[in-house]
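J.: Please construct the entire structure, taking both the sequences and the accompanying hints into account.
Taken in sequence, the protein lines are chains A and B.
Mapping of the first sequence onto the working numbering: residues 273 to 768, in sequence order.
Mapping of the second sequence onto the working numbering: residues 273 to 768, in sequence order.
Derived from the structure by calculation, the hints contain no laboratory data.
Incorrect hints may appear among the rest.
Unchecked claim - A few chain B residues that face chain A, going by a derived Cβ cut-off under 7 Å, partial list only:
no., residue
1, E335
2, E353
3, T444
4, W446
5, G450
6, D452
7, R563
8, P604
9, E611
C-beta: ideal position from N, C-alpha, C; glycine also.
2 protein chains.
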Amino acid sequence: MFEAAEVGHKLSKGRYKRIEPRLRAELLDAQYDLYKNSGFSVILLISGVRGAGKGETVNLLNEWMDPRHIYTHAFDDPSDEERERPPMWRFWRALPPKGRIGILFGSWYTAPIIDRVFKRTNAKDLMRSVEEVNRFERMLADDGALILKFWFHLSQKRQKKRLKALESDPNTRWRVTGRDWDFFKVYDRFYRISEDTLRQTSTADAPWIVVEGTDPKYRAATVGKTLLDALRKRLQAPAGRAGTKIRAAPIVRPVDKRHILCKMDLELKLDKKRYEAQLERLQRRLALAARHPRFRDHNVVCLFEGMDAAGKGGAIRRITAALDARLYHTIPIAAPTDEERAQPYLWRFWRRLPRKGRFTLYDRSWYGRVLVERIEGFCTEADWMRAYAEINDFEEQLARDGAVIAKFWLQISKEEQYRRFKERAKTRFKRFKITPEDWRNREKWDAYQVAAADMIERTSTAHAPWVLVESNDKYHARVKILSALVHGIESALEAR
Amino acid sequence: MFEAAEVGHKLSKGRYKRIEPRLRAELLDAQYDLYKNSGFSVILLISGVRGAGKGETVNLLNEWMDPRHIYTHAFDDPSDEERERPPMWRFWRALPPKGRIGILFGSWYTAPIIDRVFKRTNAKDLMRSVEEVNRFERMLADDGALILKFWFHLSQKRQKKRLKALESDPNTRWRVTGRDWDFFKVYDRFYRISEDTLRQTSTADAPWIVVEGTDPKYRAATVGKTLLDALRKRLQAPAGRAGTKIRAAPIVRPVDKRHILCKMDLELKLDKKRYEAQLERLQRRLALAARHPRFRDHNVVCLFEGMDAAGKGGAIRRITAALDARLYHTIPIAAPTDEERAQPYLWRFWRRLPRKGRFTLYDRSWYGRVLVERIEGFCTEADWMRAYAEINDFEEQLARDGAVIAKFWLQISKEEQYRRFKERAKTRFKRFKITPEDWRNREKWDAYQVAAADMIERTSTAHAPWVLVESNDKYHARVKILSALVHGIESALEAR
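T.: So, in structure tokens, the structure goes:
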């Protein structure tokens, strides 16, 4: 891939002067159309060899276009807040909203390549990173993002020349550091590993564009022209992937109408005395686990899904009752804000990820995508179908970062729900919990059950299995939940 | 203040059992009304002596009410991202949006009191903190927040008893740390300093409520009842401070219609040759300053205000051209998002504060409050009148944290603006910059000028002076701006 960027591409001063004003004007027009259209975001990755003009190009893009709608982010060493989250968190934080251009200086490629170059990882690690990156970029593309990945290349000879030139000028000497020469020394290895990585991650959705970095005018015109063409093509396309028409999702019904939830024994019960004894014991174990020194390397992500009145709130409170209020955060999932709507679906969950040593309890969760959004047609079939894999990726990243993930599906019978609705309407301090929407959702009971069964089947993974909780009896349900949670945390603490 | 909380307040089990269900139901009702009303946020500070039941109370509030609309935040040691911002940043981050309850565990009182107790600061430092806190809370209250500050008190004897009791139970032993005994040793000093601080910060807008922490039932009922009464009173009040009717702001005109902007000599010019020479020199100095090792202790907050077409964008680009794209961020100020509208006015600026060693360039800024919002009646007169002081406080905090603040007012004549509008409409790549709104704003020229003059007069401070820039000639303007900026940064670097 890189040979083509060692042929000595150049643009004469005269030609550049002819091209530049028009390119600039058209880029600005396209940027303005993007801003008005606001249907998708543009993500430019700026990567490559040191000294190949990355910084200059980014400056130029900011100069040519309206810098107010460009988000330039440089990724240095992660902060401690970033280190306490999965590695991708810092990139999620920096994604541009729809209608804007994000220029990412350094990216999700930097660490995988550099770590491999300096042998901090092995070939298999890199391969896994490549797969993850491909899935991540596919998700962004599916969400409508226009992704262009620029790689600025210089031959080793040129790089040496460039670094020497920078060093000899007192005005630019500061730009060359020991790190630059460290990289220069491993040029061949860096060349090989990055070329491999680029080849494996250059997809139709997120292509790599290798740019020869020798001549500033060639470099600038190439990046500008590539961006302009891609922007225009995308703006002219009939409302593409991002704009697929919203329609009610068809529900796939098994022929015999049986599914995993049908097999649950909702008669399971626990008497009050045993409940109280077990609750106390489990809460004590939970409290102990949360104070374990090794708990600081973990966090707990605990989510609750289930039909209305299934007992999610009550179960959450039996957990929080055992915990110091400093350690947990309960997050109810409601409609997204406008900032959240301008981002990929999972962004709203990434942004709230806790630091280490904390509990986060979600009352409903990212699974809304494949439950309510599927049933109500709030997203397209394509959107919720791809959500299963996206969610699995998300949870895998959490788990690998040390999270204990506990996912509970609280199953009640339709009759029990009716009884609870009626009861709640009577009890003063539970009154507000019943809304007309709850009654409407009840009418779609079967559709929700099927969607839940699909969800459980497709997202029960080794690192984040679903726990199905028979919830007609609250005592049984709460003890089962606490017990699963406590076991999950205890085994994570022992595993290290 | 604390004596009243040493009398041995108690609530019998029977009485508590009679009170609790009703209190709980009513609190939940009030919380739901707050959520529907969404006109204001509720901020509960939980402070006080160790072992006085703060954690238990917070747990109980979460249990009584709907925890999904309560934001509980505990403040431990600041993270590195927090340490690179003014001390108040972490609290701004944690403010609950309107319609929600935020419980802050530890608060803006913690560091000032503790630092004074352990003699890391002197009496004057504490006094300054107290003043700042009072201004901050007044701002929150003016924005509509209901603020209740609970102080949990124990006599020294009781505290000792409590800590001993916790220590002797294997289940609670972990809760007592060496730090608790460190505090116990300085009980008297802590008592005196916190009582003083409380007295000076107990205002009608944000009262302290001292709660005796000995009896859990008394403690819980007191906090619950206090919160309920305050919530109800506020919900029943006719749309109060927060809801003051929006009206066009009256413009105060000096009798002779002269103001500071009238005196500017807009004929000032610079010829192209001298401009280019000076620009280059200043850009080089700027680049050097940004690479200075001590620059890492600072950041630069640079904002541009001025009539449309005054040359803000062009000036910003002459600055960014000298900088590595990794080091700056250009922020255009547009309409707030819905998350921003649910917070005090300055929240949207606090949330985007840069880390150290960075430049942030604002194209328009927080001064929109006293310019466009004042003129267009987007906020009440009371709101923009108080904004002057709030902004001065904000900038002072930035400056004290090491920021170099450069504020530029770009002044052009009305004729020059007309010429530029016409010219822009012709030039293809500047076309989009002229909108019908620009022409409408032009009609309000005089009102904007008066508002700008008021703003400059009221917000030109020692740490953040306005630089008035004669901008009919772009060359003169850009050189003046760069020169002021470079001088500002260089003196900050020398000052240390």
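J.: Now look at each hint and say whether the structure bears it out.
T.: How the hints compare with the structure:
no. : hint : verdict
1   : E335 : holds, 6 Å
2   : E353 : holds, 5 Å
3   : T444 : violated, 9 Å
4   : W446 : holds, 5 Å
5   : G450 : violated, 16 Å
6   : D452 : violated, 14 Å
7   : R563 : holds, 5 Å
8   : P604 : holds, 3 Å
9   : E611 : holds, 5 Å
The earlier numbered hints that this structure contradicts are 3, 5, 6.
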